[in-house]
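*Asks:* One-letter residues, chain by chain:
2 protein chains.
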Amino acid sequence: MGSIRLDMTMSLDGFIAGPDDNRQAPLGDGGFRLFNWLDRRNDPGPNGQMYAEAMATGALLSGRRTYELADHWQGDHHNGVPIVVLTHDVPEGPQPGSVRFATDPQAAADQARVVAGDLDVMVHGAAAGQALLRIGQLDQLELHVVPVLLGKGRRLFDGLPAAQIELDLVRQLTGPPTDPPEQQVMHLRYLVHRS
Amino acid sequence: MGSIRLDMTMSLDGFIAGPDDNRQAPLGDGGFRLFNWLDRRNDPGPNGQMYAEAMATGALLSGRRTYELADHWQGDHHNGVPIVVLTHDVPEGPQPGSVRFATDPQAAADQARVVAGDLDVMVHGAAAGQALLRIGQLDQLELHVVPVLLGKGRRLFDGLPAAQIELDLVRQLTGPPTDPPEQQVMHLRYLVHRS
Numbered sequence: 356m357g358s359i360r361l362d363m364t365m366s367l368d369g370f371i372a373g374p375d376d377n378r379q380a381p382l383g384d385g386g387f388r389l390f391n392w393l394d395r396r397n398d399p400g401p402n403g404q405m406y407a408e409a410m411a412t413g414a415l416l417s418g419r420r421t422y423e424l425a426d427h428w429q430g431d432h433h434n435g436v437p438i439v440v441l442t443h444d445v446p447e448g449p450q451p452g453s454v455r456f457a458t459d460p461q462a463a464a465d466q467a468r469v470v471a472g473d474l475d476v477m478v479h480g481a482a483a484g485q486a487l488l489r490i491g492q493l494d495q496l497e498l499h500v501v502p503v504l505l506g507k508g509r510r511l512f513d514g515l516p517a518a519q520i521e522l523d524l525v526r527q528l529t530g531p532p533t534d535p536p537e538q539q540v541m542h543l544r545y546l547v548h549r550s
Numbered sequence: 356m357g358s359i360r361l362d363m364t365m366s367l368d369g370f371i372a373g374p375d376d377n378r379q380a381p382l383g384d385g386g387f388r389l390f391n392w393l394d395r396r397n398d399p400g401p402n403g404q405m406y407a408e409a410m411a412t413g414a415l416l417s418g419r420r421t422y423e424l425a426d427h428w429q430g431d432h433h434n435g436v437p438i439v440v441l442t443h444d445v446p447e448g449p450q451p452g453s454v455r456f457a458t459d460p461q462a463a464a465d466q467a468r469v470v471a472g473d474l475d476v477m478v479h480g481a482a483a484g485q486a487l488l489r490i491g492q493l494d495q496l497e498l499h500v501v502p503v504l505l506g507k508g509r510r511l512f513d514g515l516p517a518a519q520i521e522l523d524l525v526r527q528l529t530g531p532p533t534d535p536p537e538q539q540v541m542h543l544r545y546l547v548h549r550s
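So the sequences go chain by chain: E and F.
The first sequence maps to residues 356 to 550 in my numbering.
The second sequence maps to residues 356 to 550 in my numbering.
Just chain E, same shape as in the assembly:
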């Protein structure tokens, strides 16, 4: 079976969106700055490698908020892979594409691992990532750390209990220095220790 991996872009001060994120402005004020590195997603360098790895995952596990802010990805995040949405309230009525719901993190993790088969599961959303961390079901973190301070916004790590979770930094990649400053980013992969 594959790994469950949180894949998120954050500023050095830990924000994944600017202030006042909402459905009209899903990245909040100034949050678009974080995703300039994806302009290089089809380049052969590390940014392209990150994108290709994300696209090679076999399922997406998303929090409900992310799912709504992203307008459900019209039911297809990439290549039609199954999308498992972790939510307290399963919406009524048909949902687009390959979306299914789970009301607790363990069920979401189990379901995502099964539908991903041998491939990895990509996790999107701060709340979903933290929920999986709390129950020991997050295997890896892939963080794209942008060299900027946003000051305010939505944090990636904000709701965890005071409990030490050890990590191993297993990969560290940066773009070529010839990339323009606004597309520079540091990609960090960590394995999460099981307690």
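Any given hint could turn out to be false.
Stated by the list, open to error - Calculated cross-link-like contacts (lysine to any residue; reagent style SDA-like; alpha-carbon spacing at most 20 Å):
1. F:K507 - F:N377
2. F:K507 - E:D368
3. F:K507 - F:A482
4. F:K507 - E:E521
5. F:K507 - E:I490
6. F:K507 - E:G514
7. F:K507 - E:A518
8. F:K507 - F:R455
In short, the hints are calculated from the structure, not lab data.
Following the hints, put chain F in place on chain E, whose structure we already have.
*Replies:* For chain F alone, coordinates are given in the frame of chain E:
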């Protein structure tokens, strides 16, 4: 003149101390975990290099809280270099060693640059670092990022306004993989863009 450089150790989730930090427990619950890398401070590797660079600075600029929690370093942080403490309320009575006070960040920065001469100024303390960032007087960040999540505690970046500050990652060092996991740390040096 030298640079003013914030030098801080933080967890991957951005904490510089665990919860409930106070004078009896200046690093809070579990915060000692962050400083295991200093066990290697006299080794020839990156951890030793970081320590040597810190000890080669010509002045310390500290926030008042850090100054108190550290018990004033008995007046001598390292090599007797001048210590400039940023505080709202200058304490009465004699202070130990080479301590002087400044009541606003600009005065603290000016004073620290002068007393450091040609050498760099090391900044300790989240509040002092943020105060200098806000007025454009922080030149560099040297962050020692420990592969651990603490969940709760005191954050390095918590009080900045919603204003984008661009950085350049100019150096990235990790200890040799032969170091034990608890002494692994990633050292990141950023230059702060002046707006």
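*Asks:* Confirm or reject each hint.
*Replies:* Quick rundown of the hints versus the structure:
Restraint check for K507 of chain F and N377 of chain F: satisfied, since their Cα atoms lie roughly 15 Å apart, inside the 20 Å limit. For a cut-off of 20 Å, the pair hint linking K507 of chain F to D368 of chain E stands: about 15 Å separates their Cα positions. Our distance criterion of 20 Å between C-alpha atoms is met by K507 of chain F and A482 of chain F, whose separation comes to about 18 Å. For the hint pairing K507 of chain F with E521 of chain E, the CA-to-CA distance comes to about 14 Å; that is within 20 Å, so the pair holds.
This hinted pair checks out: K507 of chain F and I490 of chain E have alpha carbons roughly 17 Å apart, not beyond 20 Å. Distance restraint check for K507 of chain F and G514 of chain E: the Cα-Cα separation of roughly 8 Å lies within the 20 Å cut-off, and the hinted pair is therefore satisfied. A threshold of 20 Å between alpha carbons decides the hint, and for K507 of chain F with A518 of chain E the separation of about 8 Å falls inside it, so the pair holds. Our distance criterion of 20 Å between C-alpha atoms is broken by K507 of chain F and R455 of chain F, whose separation comes to about 33 Å.
Of the hints listed earlier, the one the structure fails to meet is number 8.
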